[in-house]
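K.L.:
Here's the letter readout for the chains.
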Amino acid sequence: MAGLCLLALAAVLAVLVQQAVRAFAPVPVAELRWRSDAGEQQMLAAVVFEDAHELVVRGSEWQRRGAEYRRIARADLLQLDWPADARSLRLHDGREIHRRGLALPQAPDGSRPAAADVAEDVASNRLSRGETAGLMLRRAWDFVAGTAQGGGVFPALVGTVVLVLLMSVLVMPLGVLLALWLHEYAGSGRSARVLRAAMANLAGVPAVIYGLFGLVLFVNGVGGGVDALMHSATPRWGGGGLLWSALTLALLTLPVVVIATEEGLARVPAALRHGALALGATRAEMLWRVVLPVARPALLTAFILAVARAAGEVAPLMLVGAVRYAPALPLDGEFPYLHLSRQFMHLGQSVYDLALAGGDAPRDMAQAHAAALLLLVVVVGLNAAAIVVRNRLRERARELAV
Amino acid sequence: MSAREDAVDAAVMPPDLLAGRELALEARGLSLDYSERRALDAVNLQVPRRRVTALIGPSGCGKSSLLRCFNRLNDEIAGCRVSGEVRVLGLDAYAETTALPELRRRVGMVFQKPNPFPQSVADNVAFGLRLAGLRSRLELDDRVEAALRAAGLWEEVRDRLDDSALRLSAGQQQRLVIARALAVEPEVLLMDEPASMLDPISTLRFEELVVALRERYSVLLVTHNMQQAARVADYTAFLQAGRLLEFDATDRIFTNPRLRGTEDYITGRMREDRG
Ligand SMILES: Nc1ncnc2c1ncn2[C@@H]1O[C@H](COP(=O)(O)OP(=O)(O)OP(=O)(O)O)[C@@H](O)[C@H]1O
Ligand SMILES: [Mg+2]
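Chains U and X, in that order, give the protein sequences. Residue 14 is where the first sequence starts when you use the working numbering, and the numbers rise one by one after that. Residue 6 is where the second sequence starts when you use the working numbering, and the numbers rise one by one after that.
Calculated directly from the structure, the hints in this document are not laboratory data. Among these hints, one or two may not hold up.
Claimed, not checked - Okay, the calculated beta carbon distance ranges per label pair: (1) U:Gly200 x X:Arg54: 54 to 60 Å; (2) X:Tyr39 x U:Gly237: 53 to 59 Å; (3) X:Arg140 x U:Ala279: 32 to 38 Å; (4) U:Arg35 x X:Arg172: 53 to 59 Å; (5) U:Pro248 x X:Arg140: 48 to 54 Å; (6) X:Leu28 x U:Ile400: 53 to 59 Å; (7) X:Gly34 x U:Leu190: 40 to 46 Å; (8) U:Glu276 x X:Arg172: 26 to 32 Å; (9) U:Glu276 x X:Arg140: 32 to 38 Å; (10) X:Asp167 x U:Val28: 37 to 43 Å; (11) X:Glu27 x U:Arg309: 41 to 47 Å.
Glycine included, each C-beta is placed from N, C-alpha and C at the ideal position.
Please work from the sequences and hints to get the whole structure.
P.N.:
Structure follows, in structure tokens:
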């Protein structure tokens, strides 16, 4: 079973990696001449795709990123050379421009890109394996650690991690308290039955409904109320933000945490509870000193499940604070360091945006896969950390149980 | 409840047996049901102070259930209902105003199955002391050592106090939970077959401990070992099928029981113990 899961994970990873690599791989540049309806044409272009019937090429993007795509049938091709002195420039805004030789090329309108605009300049057709690998690594790093303006997803990465951690900080105490109340105090009373049924049903509600709920309750309700109280001219809390998003996700994952914790509590032997009570422990002391320590692995399981569920959800966040472009990170060196009312970027949203971007479909699709891969790495990384901690605890528990 | 039922039945117990003795525990007309099944039926039992009282009877007759009435641990068992009167050290245990932690601090319990916490040996023994608010490292160490010595476990665990209690052998665990109960110095001790897993030497040491405990504690001891009851108990109560059939001084009950049932059970067990 575990093997099968790992296999599935490996397959997903393999597909993502294979697609994502294309976002960073250098593309060879060709000198082309072909026949078209408008007569014979000639161009220096990156060959993005080629098969037996046609080529897809991208000429210099003088106007904007993603323009200048062309499809050329092999039958119309008159000439195809791979000049050794062909070079590709990548500008800071993501556009790519091709030329031969070292001089900065001239745009059709007569202007030239300034040297300061150039982010990367490579001899596309003469790259050794080592150079290719270095180039790809540098591009991948720029993607992961770069700002949004430069086509990077660093703000989204930070947003995702901060959001998930804040969500856990909110949901764990609440979920554990609820589970304790349900399992230890409420018995089989009416309110407990209602709450249990609610939890079971809430676990199945589509995520976007939580988003709507969070919008109405947190953003418009609480946030709007706070703004009105503070007479702020511009909405600060009354708009989407990190805190509202974390709370929405906390609501979303609450059932998971409560159910997993309750299962853990149910596995604590009655003999231990009785032993503590018989020594004069109050119910709270018994729970705190005996039951919760024994149930600690179950709490970490609850945490793992919550992170796994929360990190993958994007739909509800779009309603309560995740945006395509946020001017500032939610976590920075400026007091109070964690900015709870700020809008933020999220890797899940980046995946959507890149995948649906109209501009440069092949390049953006590849980047969408790269962003998805990064999101997966974040989720798996957080889970792995929790699993390591849980296994340590289990080992300790096993040692204690020898 | 009428006055006639209220009085301890003369057929069960000689009327002047405990005359003038202070009582540690007292059950009057105590009945106990698990869901639909009756486990105790109108039990009248008196356990004198600073004496050892043995509770004997066949398996399933309700000994453990009876013990759990005196520290109200039955409250924890779903579907368990108790009726009648239970007095502990002169107070009504089932009164609204009874503070359970306080009651249970005064009435210690050693369970039928050893139930050490998954913590270190020392933390197990210190558990009740910490609950009572004791914080001083030195004093905790002293009291832990004293309790372990009293339970006859100190020599075996003195250099593994920080090891997990769950690594101790079953017999060691049994003495550990005795030490845990002794550490808080309760006034009454409920012991449910506390020597069932002990070797003969440890059993002997345990019996010496119980005899020594008489000085300060009131002990109610469940045992299936008739010799043990004869050796350590001042009084013996015989329970069968949820009813208290006979209560008397131990030497009388073992030499000259008034009921056939008591005699049959005791001689049967004696023969079994020997064979
Ligand atoms: N938690 C429970 N739920 C339902 N029935 C119970 C429960 N505990 C005990 N009983 C029943 O109550 C009766 C008395 O049980 P109890 O454990 O008090 O007997 P005992 O005299 O201690 O037996 P033993 O010598 O085997 O320990 C038995 O018939 C038992 O099946
Ligand atoms: Mg029993």
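K.L.:
Compare the structure with each hint and give your call.
P.N.:
Against the structure, the hints:
In this structure the hint that Gly200 of chain U and Arg54 of chain X lie 54 to 60 Å apart at CB is violated, the actual value being about 36 Å. A beta carbon spacing of about 56 Å between Tyr39 of chain X and Gly237 of chain U agrees with the range 53 to 59 Å that was offered as a hint. At roughly 33 Å, the beta-carbon separation of Arg140 of chain X and Ala279 of chain U lies within the given 32 to 38 Å, and the hint holds. The hinted window of 53 to 59 Å between Arg35 of chain U and Arg172 of chain X holds, with their beta carbons roughly 57 Å apart.
For the pair Pro248 of chain U and Arg140 of chain X, the beta carbons lie near 51 Å from each other, so the given range of 48 to 54 Å is met. At roughly 57 Å, the beta-carbon separation of Leu28 of chain X and Ile400 of chain U lies within the given 53 to 59 Å, and the hint holds. Here the CB-CB span from Gly34 of chain X to Leu190 of chain U is close to 42 Å, well matched to the stated 40 to 46 Å. Separation of Glu276 of chain U from Arg172 of chain X is about 27 Å and conforms to the stated range, judged on CB atoms against 26 to 32 Å.
Hint check: Glu276 of chain U to Arg140 of chain X, Cβ distance near 35 Å, so the stated range 32 to 38 Å holds. About 51 Å separates the C-beta atoms of Asp167 of chain X and Val28 of chain U, a value inconsistent with the hinted range of 37 to 43 Å. At roughly 46 Å, the beta-carbon separation of Glu27 of chain X and Arg309 of chain U lies within the given 41 to 47 Å, and the hint holds.
Of the numbered hints listed earlier, those contradicted by the structure are 1 and 10.
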